[in-house]
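Student: Numbering of the sequence shown is given in this note's numbering, commencing with residue 1 and proceeding in unit increments.
FYI, nobody ran anything at the bench for these hints, they're computed from the structure.
One should not assume that every hint holds.
[To be verified] If you anchor each label on the Cβ, the simulated ranges turn out as follows:
hint : residue 1 : residue 2 : range
1    : ILE85     : ASP11     : 38 to 44 Å
2    : GLU86     : ARG46     : 36 to 42 Å
3    : TYR78     : SER41     : 15 to 21 Å
4    : SER64     : PHE17     : 49 to 55 Å
5    : TYR78     : ARG46     : 16 to 22 Å
6    : ASP8      : THR48     : 32 to 38 Å
7    : ARG46     : ASP67     : 28 to 34 Å
8    : ASP8      : ALA63     : 27 to 33 Å
9    : PHE35     : TYR90     : 39 to 45 Å
10   : LYS14     : ASP67     : 25 to 31 Å
11   : GLY52     : ARG26     : 35 to 41 Å
12   : PHE35     : LYS14     : 29 to 35 Å
13   : THR48     : ASN10     : 42 to 48 Å
[To be verified] Each computed BS3-like pair below joins lysine-lysine, with the alpha-carbon atoms no more than 27 Å apart:
hint : residue 1 : residue 2
14   : LYS43     : LYS25
15   : LYS40     : LYS25
16   : LYS14     : LYS25
Source: prediction; values computed, not measured.
All residues carry an ideal CB built from backbone N, CA and C; glycine is no exception.
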Amino acid sequence: MQVWSGKDINDEVKWLFQGPNRVVKRYSTFLINGFMFHTKSRKRLRRTQNCGIVVNSSITSYASARDSNLVEGNVEYYGLLNDIIELDYYGK
Numbered sequence: 001m002q003v004w005s006g007k008d009i010n011d012e013v014k015w016l017f018q019g020p021n022r023v024v025k026r027y028s029t030f031l032i033n034g035f036m037f038h039t040k041s042r043k044r045l046r047r048t049q050n051c052g053i054v055v056n057s058s059i060t061s062y063a064s065a066r067d068s069n070l071v072e073g074n075v076e077y078y079g080l081l082n083d084i085i086e087l088d089y090y091g092k
């Protein structure tokens, strides 16, 4: 790979540029920051459900098609975990 920008390229940028490894790890449960998550398929085997997630995002958009002023606001996205995969970038 030859990338030139007039200065040295950070190793992390090189890894991102190459893309993830083609081999990925797949999980039906995942523990992160003290929270345990389960995929939707694992949920049906359990009494408690923990496959739902919410992501709060700050976005800018127009209030309507006729509006020319951008408005900033928070949007919450809800969903179910169908799959949990771990991407590995070379060198990391």
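Student: Now tell me, hint by hint, if it's right for this structure.
Tutor: Structure-based check of all given hints:
Between ILE85 and ASP11, the C-beta spacing of about 23 Å breaks the proposed range 38 to 44 Å. For the pair GLU86 and ARG46, the beta carbons lie near 22 Å from each other, so the given range of 36 to 42 Å is not met. Between TYR78 and SER41 the CB atoms are about 19 Å apart, so this pair conforms to the stated range of 15 to 21 Å. For the hinted restraint 49 to 55 Å between SER64 and PHE17, the CB-CB distance of approximately 40 Å leaves it violated.
Taking the beta carbon of each, TYR78 and ARG46 are about 20 Å apart, inside 16 to 22 Å as hinted. As the Cβ distance of ASP8 to THR48 is approximately 50 Å, the hint placing it in 32 to 38 Å is violated. With their beta carbons about 46 Å apart, ARG46 and ASP67 fall outside the hinted range of 28 to 34 Å. Taken as a hint, the range 27 to 33 Å is violated for the pair ASP8 and ALA63, whose Cβ atoms sit roughly 45 Å apart.
The hint said 39 to 45 Å for the Cβ distance between PHE35 and TYR90, and at roughly 29 Å that hint is violated. The hinted window of 25 to 31 Å between LYS14 and ASP67 is violated, with their beta carbons roughly 42 Å apart. A beta carbon spacing of about 20 Å between GLY52 and ARG26 contradicts the range 35 to 41 Å that was offered as a hint. The supplied range of 29 to 35 Å is met by PHE35 and LYS14, whose beta-carbon atoms lie about 32 Å from each other.
Distance hint check for THR48 and ASN10: the Cβ-Cβ separation is about 43 Å, which falls inside the suggested range of 42 to 48 Å. A C-alpha spacing of about 20 Å is found between LYS43 and LYS25, which places the hinted pair at or below 27 Å, so the restraint holds. Between the alpha carbons of LYS40 and LYS25 the distance comes to roughly 17 Å, so the proposed pair stays at or under 27 Å and holds. At most 27 Å may separate the alpha-carbon atoms for a hinted pair to count; LYS14 and LYS25 meet this at roughly 22 Å.
Consistency note: the structure conflicts with the earlier hints numbered 1, 2, 4, 6, 7, 8, 9, 10, 11.
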